[in-house]
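**Q** Residue-level listing of the chains:
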Amino acid sequence: QKKGAPHDLKCITNNLQVWDCSWKAPSGAGQGTVYDICIESRSHPCYRLNKTNIKIPALLPGDHEITIHSIHDFGSSRSKFILNEKNVSLIPDTPEIFNLSADFSNSTLYLKWNDKGSAFPHHSNVIWEIKILRKESMELVKLVTLNTALSDEDTVHHWSWVSDMPLECVTHYVGIRCYVDDLHFSGHKEWSDWSPLKNISWTPDSQTKVFPQDKVILVGSDITFCCVSQEKVLSAQIGQTSCPLIHLDGENVAIKIHNISVSENSGTNVVFTTEENIFGTVIFVGYPPDTPQNLNCETHDLKEIICTWSAGRPTALVGPRKTSYTLFESFSEKHVRFKRVDVSTKESYQLLFQMLPNQEIYNFTLNARNPLGRSEAAILVNVTEKVYPHTPTAFKVKDINSTAVTLSWHLPGNFAKINLLCQVEINKTNSAQEWRNVTIKGVENSNYLLVVDKLNPYTIYTFRIRCSTETFWKWSKWSNKKQHLTTEAV
Amino acid sequence: MGGCSGDYQALLGQLQQQMALMQDTSTLLDPFMRLEGLDKLRFSEHCTERPGAFPSDNALRTLGRRDFLRMLSSTLQRVLHRLAVLQQHLPETQDLEELGVARWNILGLKNNIYCMSQLLGGASELAPTTAAPGTSPPPTPAPDAFQSKLQGCRFLHGYHRFLHSARRVFSQWGSSPSRR
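Residue numbers (our numbering), protein chains in the order written: chain A, 1 to 490; chain B, 1 to 180.
Some hints could be false.
What the hints assert, rightly or not - Simulated restraints, written as ranges between beta carbons of each label pair: (1) ARG369(A) / ARG61(B): 53 to 63 Å; (2) ARG34(B) / ILE246(A): 53 to 63 Å; (3) GLN88(B) / LEU356(A): 30 to 40 Å; (4) PHE331(A) / SER74(B): 51 to 61 Å.
To be verified - 27 Å max Cα-Cα, derived DSSO-like pairs, lysine-lysine: (5) LYS189(A) / LYS40(B); (6) LYS40(B) / LYS482(A); (7) LYS398(A) / LYS322(A); (8) LYS40(B) / LYS232(A); (9) LYS428(A) / LYS386(A).
Note that these hints are calculated values from the structure, not bench results.
Treat the numbers as computed from the prediction; the structure is a model and nothing was measured.
Don't be surprised by glycine CBs; every beta carbon is placed ideally from N, CA and C.
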């Protein structure tokens, strides 16, 4: 191409709809130069301009002849070019982050940007690249690629990132660029420029110097602690272990912990020491709740259901971080929450669930939850088959005649809808022990009577009784023993 | 609470004995530091008493006997409240037994202080200590866990020092209950 004429024609497009073509002016062309640009076989073939670039609607695939005629003070010159989509570069507009925010409590950055899809003629695949830099020295800490598709309209995209370094201790910068991978476009495709960087930094609002504060994490995790300090930090320690300092901006420092081990109940202390001061935080390192073990539900009295279970693997988390249990019954959609006052030993837990009128089948799910996760166990119970009666009380023996007595006792519970199975133990001095099983209609008022006959007159017997249900689950404990001398035969 | 002994020497001796026991950091501060993992750090230089948290040595020495006893009683009452708050911040599965023992010791000490005040004729404002079962001050929002530990540690450090100082004042009391 002759330097004396318009040369080096280049066209780019940002959105596949408009080509932005520019050329070099003929050597020696002055300010007043005017250009006639004519595009072959176009409805609007020619344009007159006084600058060396023009925006034209995108041309159809194939070769197009374009003539640029420059008219300047000492004459004119003309150049012909063959313009083809293949020679055009698709360079998207520089994207813009329109919102960058942070949740410092969980070290998370939130990014929002608009893909300006409405500018494109059809759905194109877009690759976004997001870079995150840290410190004034702009260290690259994260480069991530996302794929989206352009639609007919502008779409706002969201992306979040959890920083390994607490956001309070160092400024983070975020930039984004894109690459439109349009399958229809045969020209050369390039990345857009990087967006202007947006940054997030923390403005100290409290005494707090060390981050994260009172975090709860899983055993074996990696974690970075950092300290915001105006004074030089001399050392850092986690538990009893000293750690190498990572210097951030100013006097701020950080330490990286790998594969952290379980903490004591009071947590593991992380301490940064300066000449004058000590700054610290506590990390609570534990486990999510194990699946509740040996979940069992039974009733003593068909009024209240008692569910018991054991916690399984200890979580090492106590106090406000301990495991909370909720017992949920799906038919009635009722639930009860475990509170500390509910009796529990270190191993086993217990919850009371009030029985519901006319409901015998209960579908329980026990949810266990702590800051590190949750688990559950389930049990389907027909409570009439899970009766473990209280110990019979107020056990009495009364004579009927010399060979028969009446036993009476109190068995708390509303057993009107079921049959009880009770066992009487009969001891006679110098004689074998005898047990008699008897089925008794359950009653609501908990008081029971039973005739025991075929006894020997004028003989000392020792009686005691225990009960279960016809659909056997567990015997109650034995009642107290009652010694009784039968009357003399008449 | 038991009645007061009228024997000045016995009472003074008892007060000094109690304080000799309670000023020892092994009775409360050391177990607290172990429980909170503070014993693993080069921490003692930072677990220092916060100025103003307890009456200074000098302040105690310059008071008259009755004012001294009054100061002792009111400070120990404050300690009881603070120990209750400290217990609340310890998760329930972490009973610091020594905290309960300290509480009873303080109640016993306060009672003897009351008796000494009565003996010196100035006990009206020092009501005998009755442990109000179950009443504890409303939980104050704990700062972050580490600050909570640090504050607890500094407080207990001051508590032991205060008892040490008070015991020294008692040791300078003469053998007769003359009022000053």
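**Q** Looking at the structure, which of the earlier hints fail to hold?
**A** 2, 5, 6, 7 and 9
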